[in-house]
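> Chains A and B, in that order, give the protein sequences. Under this note's numbering, the first sequence has 404 at position 404, and the numbering climbs by one with no breaks. Under this note's numbering, the second sequence has 173 at position 173, and the numbering climbs by one with no breaks.
Hints were generated in silico from the structure; no laboratory data involved. Just so it is clear, CB atoms sit at the ideal spot from N, CA and C, and this is done for glycine as well. Do not rely on the hints blindly, as some may be mistaken.
Said to hold, decoys possible - Anything over 12 Å on all C-beta distances counts as not near chain A; from chain B, calculated: (1) Y22; (2) P127; (3) G212; (4) D216.
Said to hold, decoys possible - A short, non-exhaustive set of chain A residues, derived as facing chain B with CB atoms under 8 Å: (5) L18; (6) R20; (7) Q65; (8) G139; (9) L147; (10) A234; (11) P240; (12) F332; (13) F364; (14) M368; (15) A374; (16) Y441; (17) R450; (18) F514.
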Amino acid sequence: MTTITHEDHHDHKPQGFLNRWVFSTNHKDIGTLYLVFALLMFFIGGAMAMIIRAELFMPGMQLVQPEFFNQMTTVHALVMVFGAVMPAFVGFANWMIPLMIGAPDMALPRMNNWSFWILPFAFTMLVSTLFMDGGAPAGGWTLYPPLVLQTGDSFIFAMFAIHMLGISSIMGAINVIATILNMRAPGMTLLRMPLFVWTWLITAFLLIAVMPVLAGAVTMLITDRFFLTSFFNAAGGGDPVLFQHIFWFFGHPEVYIMILPAFGIISEIIPTFARKPLFGYTSMVYATVSIAFLSFIVWAHHMFTVGMPLGAEIYFMLATMMISIPTGVKVFNWIATMWRGSMTFETPMLFALGFVVLFTIGGFSGLMLAIVPADFQYHDTYFVVAHFHYVLVTGSVFALMAGTYYWLPKWTGHMYNERLGKWHFWLSVVFVNVLFFPQHYLGLAGMPRRIPDYSPQFADFNMLSSIGGFAFGLTQLMFVYIVWKCARGGETATAQVWEGAKGLEWTVPSPAPFHTFETPPKIDDSVVAHGNHM
Amino acid sequence: MKKENTLLVGLAMTAAITVVTYAILVAPGFLTDSGMNMTEGVTNSSKAVYDLHMIILWICIVIGILVFAAMFTSIFLHRKSRGAVAAKFTHSTKAEIIWTTIPILILVVMAVPSTITLIELEDNSNPDIIIKITGYQWKWKYDYIDEDISFYSSLKADSNAARLTGANIDPTTVDNYLLDVDNRIVIPIGKKIGFLITADDVIHSWWVPALGWKQDAVPGFINQAWTRVNEVGVYRGQCAELCGRGHGFMPIVLEAKSEEDYAAWLVEQKSALTVTQAETQRIWSKTELMAKGEAVYEQQCAGCHQTDGQGLAPAFPAMAGNPVTNGSISKHIDIVMNGSEGTAMQAFSKTLTDAEIAAALTYTRNAFGNQTGDLIQPATIAKHNNG
Chain A
1 MTTITHEDHH
11 DHKPQGFLNR
21 WVFSTNHKDI
31 GTLYLVFALL
41 MFFIGGAMAM
51 IIRAELFMPG
61 MQLVQPEFFN
71 QMTTVHALVM
81 VFGAVMPAFV
91 GFANWMIPLM
101 IGAPDMALPR
111 MNNWSFWILP
121 FAFTMLVSTL
131 FMDGGAPAGG
141 WTLYPPLVLQ
151 TGDSFIFAMF
161 AIHMLGISSI
171 MGAINVIATI
181 LNMRAPGMTL
191 LRMPLFVWTW
201 LITAFLLIAV
211 MPVLAGAVTM
221 LITDRFFLTS
231 FFNAAGGGDP
241 VLFQHIFWFF
251 GHPEVYIMIL
261 PAFGIISEII
271 PTFARKPLFG
281 YTSMVYATVS
291 IAFLSFIVWA
301 HHMFTVGMPL
311 GAEIYFMLAT
321 MMISIPTGVK
331 VFNWIATMWR
341 GSMTFETPML
351 FALGFVVLFT
361 IGGFSGLMLA
371 IVPADFQYHD
381 TYFVVAHFHY
391 VLVTGSVFAL
401 MAGTYYWLPK
411 WTGHMYNERL
421 GKWHFWLSVV
431 FVNVLFFPQH
441 YLGLAGMPRR
451 IPDYSPQFAD
461 FNMLSSIGGF
471 AFGLTQLMFV
481 YIVWKCARGG
491 ETATAQVWEG
501 AKGLEWTVPS
511 PAPFHTFETP
521 PKIDDSVVAH
531 GNHM
Chain B
1 MKKENTLLVG
11 LAMTAAITVV
21 TYAILVAPGF
31 LTDSGMNMTE
41 GVTNSSKAVY
51 DLHMIILWIC
61 IVIGILVFAA
71 MFTSIFLHRK
81 SRGAVAAKFT
91 HSTKAEIIWT
101 TIPILILVVM
111 AVPSTITLIE
121 LEDNSNPDII
131 IKITGYQWKW
141 KYDYIDEDIS
151 FYSSLKADSN
161 AARLTGANID
171 PTTVDNYLLD
181 VDNRIVIPIG
191 KKIGFLITAD
201 DVIHSWWVPA
211 LGWKQDAVPG
221 FINQAWTRVN
231 EVGVYRGQCA
241 ELCGRGHGFM
251 PIVLEAKSEE
261 DYAAWLVEQK
271 SALTVTQAET
281 QRIWSKTELM
291 AKGEAVYEQQ
301 CAGCHQTDGQ
311 GLAPAFPAMA
321 GNPVTNGSIS
331 KHIDIVMNGS
341 EGTAMQAFSK
351 TLTDAEIAAA
361 LTYTRNAFGN
371 QTGDLIQPAT
381 IAKHNNG
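Can you build the whole structure from these sequences, using the hints too?
This is the structure in structure tokens:
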């Protein structure tokens, strides 16, 4: 490898595509790589969702075989969870954490490069299973045995891809923790950190705690399949339900891994556009820690119907209901932040407000799902599909959109097209509800999830949902256009960008120079959002 | 901002959000029986579950209206374009204690009836009748433990034919499309029915919404559930746990009969069993085999291989001129009994009687232009089965 000589140290980017992007150790470039990759995956996963919605447009099988339909639901979920949402948040972490805490870069820049570059290989392998004999895995993203063990040749490729994603996530998490705990500028105490940094610190601990658990579960599947172990095979003394316990011990913290950084982004945006400090900063931090803790002790609420003892069902119901308390605190604090503020409604704020309303609706259906007797009806129906898409699409994805519009001027040095941004929001928010709200009705009326065809009694709402789905999918092309145009040019952004914005990232020029904070910034209450006045 | 002003806007917002909620949730018939809400079902448990669902739903709706009203009030009043100047407050211990305590109280209110209903639902003691349910890819088997009755229940043939990709059969012309089976599970009303639920291959989940619950069927383990149906009727459900490519095609049809009708059904089933045994013993004529074979073929095989025996390329081979239907009998028996690895051909040895298999084999070897002249007797199949 050639070394790059830095004659002019400031803003001297590495020469050539390979050096700049493939061998990059710069947190901003790696952040960009993560974000572009996540966007690509969002459209690949989205295309699969379009196939699903097209097949479900009418009763009867018109387009695909049931087996292929199951492959679509499985790979759609894996791509969206591990390829789109998680890497997008890591991209935000890479870009923003050093800028927000006054660090010159991430603590472990080479590992940073590696944790990104694992992803394209892992996903090439995962998506290539679609073209293998027997097709891609079709047992659902939850990989429940014995069904997943019936997967054809692609089984081992998918399992290895998941292992690689886990390694990437763990390395990313180590990097985030090392950066936040060691690289904060003098004076940037923990309780002065922006909430986005706090939520990512907690998320990183969740990742380190649970990705090895997933790796363990996947490894046991591999040995059951190839080395004749019987972890999950009843005939050999194992237990298929054991897998579900292990998977959801990973899986429940995993869903918070996808929402906590979203809480962080929303907690940055609302104060900026309300021109008022975040209400209850410390209680926000404690609420995040509580949610993270609770996420480890509620896993079995994903499996109330597997036949658990009564005591376990009661325990997991009550523990799950408790999550609504810290989550409620967050929603109340956001509203209290807006209260008596001086609000404006630029695109990031619109997406943040959309998040607060629609995520709360997802929270309500989550509370309903916690009630075990009612869950006996809701479980594995479209009600659940509606629930987790409200928290993941109008939750996580809306927060990612909000964050992108919020920091895009800082990244590119240009303002995006506000008119188009607002159109993007309003079309998204209308169609996403047309897409997912009717799915509540379908689930309550008795439509199971993961079925390729259905009884005609479900036809009307499925067609409505599909129309919403196609329109929502098309609307996202606007997002690509807006971001592309903004990267290429546009009105020059100031360093401050937003009138009410506070925090270290707004003290550096827009676009943020290739190297920032090579000498630590001086921290005082006038630049940080959360000072000692707490 | 003046106090009255805030209150006024707050009330207006609450009213507006209530109207919107009403329009989305209530007005389209959400609370009536229009296929948008959970069914009340036909058991005391299912009604308890429905009531619980409605209580929680209403609590969520009321909280939602209040929270969103506060938010939209703020959005309306506290906007820069109306000249609002931002206040400086950053926290309020009093407010935070209030909005932590109230949700805890609400949760307690929810938890009590939920726990009571749950305990009732899980009381599997003293059933009057026990039925074992076994999930297979992709059908159900019902064993009436004390009655020596046992049968499989799979998707009805007309649904099965219409559900094939590119079948070009309008699903709305099929009775109870995807929700109809060949053999229904039958129970008497008013009796406590205990279910023992398990699976043979992968995990399935047995769900009839009208009973108010679903229960996973896990291979190697037996789960318990129970019901006591109050009303005579036919109640439909589906497998609720992804179990492979046929997951959407293994419905459940439960028929609740009066006690007398149930007793009559038991007698009928037992005499059918005797007939089946007799059928295996005796020697059949070609006409008999061909007639029965045509019926079995239509019910079990035509969904894929088509009524005219021409199949559906590329997945479903034609029976006409097929090397298997025209070749070695033992290989033909083997494929029909045990299925064919890596194809859609399933194993029929457990689903069909010896006589049915013998008839279907005879029929396919002598129809669609196939002229092997072979006669396959039920006894041959029985022998194949045993060794």
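> Looking at the structure, which of the earlier hints fail to hold?
Violated hints: 3, 4, 5, 6, 18; rest satisfied.
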